[in-house]
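Quick note, the sequences are listed as chains A and B, same order. Using the numbering used here, the letters of the first sequence correspond one by one to residues 1 to 146. Using the numbering used here, the letters of the second sequence correspond one by one to residues 1 to 543.
These are calculated hints, taken from the structure and not from any lab test. All values derive from a computational prediction rather than experimental measurement. Positions of the beta carbon are idealized from the N, C-alpha and C atoms, including for glycine. Please note that the accuracy of each hint is not assured.
[Said to hold, decoys possible] Calculated from the model, a selection of chain A residues having no Cβ within reach of chain B, i.e. all distances over 12 angstroms: (1) Phe7; (2) Thr30; (3) Arg33; (4) Ala59; (5) Thr78; (6) Gln91; (7) Gly99; (8) Ala104; (9) Asp122.
[Claimed, not checked] DMTMM-like cross-link-like pairs, simulated, lysine to aspartate or glutamate; straight-line CA separation at most 20 angstroms: (10) B:Lys277 to A:Asp110; (11) B:Lys37 to A:Asp86; (12) A:Lys138 to B:Asp223; (13) B:Lys37 to A:Glu74; (14) B:Lys80 to B:Asp100; (15) A:Lys138 to B:Asp100.
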Amino acid sequence: MGEIVNFREDAPASEVPVSLEAFLGASNATAVRIEPGEDARALLPQLDRIALIEVSFPAFGDGRGYSSARILREAGYTGELRASGDVLVDQVPAMRRVGFDTLAPNAPIDRAVMDRMLTLYDDVYQKTVDGRVPVWAKRHPEAAHG
Amino acid sequence: MYSYDKFDQAIVNARVEEFRDQARRRLAGELTEDQFKPLRLTNGLYLQLHAYMLRVAVPYGTLSGPQMRMLGSIARKYDKGYGHFTTRQNIQYNWIKLEDAADILADLATVEMHAIQTSGNCIRNISADQYAGVAADEITDPRPWAELLRQWSSFHPEFSYLPRKFKIAVIASTQDRAAMRLHDIGLELVERDGVVGARVFVGGGMGRTPMVAPEIRDFVTEDEIISYVEACLRVYNRYGRRDNKYKARIKILVHELGADEYRRQVEEEFAQMKALKLDPPVEELARIRAHFADPAYETGLSDTIDRSDPDFALWVDQNVAAHKQPGYSIVNISLKPVGGIPGDASADQIELMADLAERYSLNELRVTHAQNIVLPYVKTADLKALWTELDAAGLAPANLDLITDIIACPGLDYCSLANARSIPVAQKIAKRFTDSGKEKTIGELKLKISGCINACGHHHAGHIGILGVDRKGTENYQLLLGGSGAEDASLGTITGPGFDENGIVDAIEKVTDLYLAQREGDERFLDTYRRLGMAPFKEVIYG
């Protein structure tokens, strides 16, 4: 495997993730990999024993992994969430917003470009799972949200 | 109308810099065309037959005078002096250089405009009723919700790589002027027991598999519209087909699952989403709504029109619509002159319309899905003066909703997807029906032309539709009858074997002649067709 881009405080997991099928089949693995067509919610009952969930991006244009990631974070998963495969520098900001905190790209990512892309936008319009305060909340700091 | 605050402006400015960086990396060879393609597409930049095409968003079709003037300036500075207004209330430029694209975006940002998500597999520009805010029949102005959706959908991280493009329309009257049920999501704002909310239709669309969207929810309150739409999108992003580009739109998912099963999945997702408090507070909707408050209308104005000039009277009857405020009128500027290209306007014309909006329409214009322009706040007493200026600039064709008010895609003259030319066919039809004088006798007849099966010219929704196909290397035109994009939405039916360019014009003359002979009372062409059915029309064409 190539270099891992890490946004976490701790080191990326070193376990090799097993397939979802293997993981659900009574394995004692702590790292699992989900493919685009697989249901991330199948992992929800066991989130507390998982250290790494790797979400596979066979092609950058297949956006199912963004939903998988956000669903896992919405459910309270705090372990490592890794985007792997055809991960390109211009996708990184959106991946960060849906909760990915490590990247395992097929081809190395230009760190200088990535840092530029990640700091371009001071504000965001949506509430997702990255803790960023959307502009509507900044506009109405006194409002009771939701 | 809406104006940016510091947050909106900073986000649009950041987009200019982001795209500048991406274009620079592409020109330097750091990005392959394959990698660059989705990036330029989410910024409205297509590689066409002759050059790049840039599509600029006109959110829900509303523009100020200065914004319109900038569109003219861009046409002059970066294009060959033309802009093309589209069926999704946007404008596109057909002769753009990649090297200039970031500068164009920077120019647009100075007037609070952008090209964000005007193409690509993402949520596109939100469309709305072009008479929003001034229509007598609306329950509320739909644009505050459209603006709320614009902000929510801009750079939505989860929905940046959907299976396919995604189009949302919002209306607030029972008369549908925005083809709402032919969108991926159509929202019709309604009032129930004093509460505003939306009826939600999902899975409409044109293309090679046209569908009229079924109702998925009969009411979602205004403070939960965002999370409900978010739930609709998530189900689509997860389960929409990605194996075949032509089956990837949400209409196929809804059709294959069935509306009931799709609804069940959305409701399940919606229940989860509600707990996450994703909806902006009602204060945010109120903030946006304040931007769309009625202007300070003058009262005591006259509604009298001097009809002594017959050309002016004709234009008033055809192109002016009733305004909710006494003394004011809604003016439609037809961009369908005989012999012209539907939806095209020169830089001079665009700048003139900007100027006229400032002088006659409280500085506001609208773009319609029929590729025309609306001046929404014209004093009825000013109509004559306005018409005189429009007429001098070739902007006063009196043909709104007539057979020469044709919707047409750019076709093979510009588009790399097209199989046949659309523009020359539109021009021939317009000429035939103007020369014969039958245009006025026929009355309302919505004619729509697409140069390929992707249906950008909305041919399925035309009272008369034309589909250009390639038949063994020659252009061939199929004829469809009976479609509608309005509140009586329906899909047209193909009459039979296609025609060549002259043959299709003859065939249209035959079906309209039959209509004129058979119509009862004040029936429109569409009504007569629906009453008689296809058989007599087929007989007159092929018999």
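Against the structure, the hints come out as follows:
Residue-level check passed: A:Phe7 sits 15 angstroms from the nearest beta carbon of chain B, beyond 12 angstroms. Non-interface status of A:Thr30 relative to chain B is upheld: no Cβ of that chain comes within 12 angstroms, the nearest being about 25 angstroms off. Every CB of chain B lies more than 12 angstroms from the CB of A:Arg33, the least distance being 17 angstroms, so the non-interface label holds. For A:Ala59, the requirement that its beta carbon stay farther than 12 angstroms from each beta carbon of chain B is not met, with the minimum near 9 angstroms.
With a closest Cβ-Cβ approach of about 16 angstroms to chain B, A:Thr78 is found to remain outside the 12 angstroms limit, as its non-interface label requires. In this structure A:Gln91 is not separated from chain B by more than 12 angstroms, as the shortest Cβ-Cβ distance comes to only about 8 angstroms. Residue-level check failed: A:Gly99 sits 9 angstroms from the nearest beta carbon of chain B, not beyond 12 angstroms. Listed as outside the interface, A:Ala104 is consistent with that label: its C-beta sits roughly 18 angstroms from the nearest C-beta of chain B, beyond the 12 angstroms cut-off.
Distance check on A:Asp122: its Cβ comes as close as 6 angstroms (rounded) to a Cβ of chain B, failing to clear the 12 angstroms threshold; non-interface status is violated. For a cut-off of 20 angstroms, the pair hint linking B:Lys277 to A:Asp110 is broken: about 36 angstroms separates their Cα positions. A C-alpha spacing of about 15 angstroms is found between B:Lys37 and A:Asp86, which places the hinted pair at or below 20 angstroms, so the restraint holds. This hinted pair checks out: A:Lys138 and B:Asp223 have alpha carbons roughly 18 angstroms apart, not beyond 20 angstroms.
For the given pair, B:Lys37 sits about 31 angstroms from A:Glu74 by alpha-carbon distance, which is inconsistent with the 20 angstroms threshold. For the suggested pair B:Lys80 and B:Asp100, the alpha carbons sit about 14 angstroms apart, so the restraint of at most 20 angstroms is met. With a C-alpha separation of about 35 angstroms, the suggested pairing of A:Lys138 with B:Asp100 is violated against the 20 angstroms cut-off.
Figure legend: structure checked against the earlier numbered hints; hints not met, in rising order: 4, 6, 7, 9, 10, 13 and 15.
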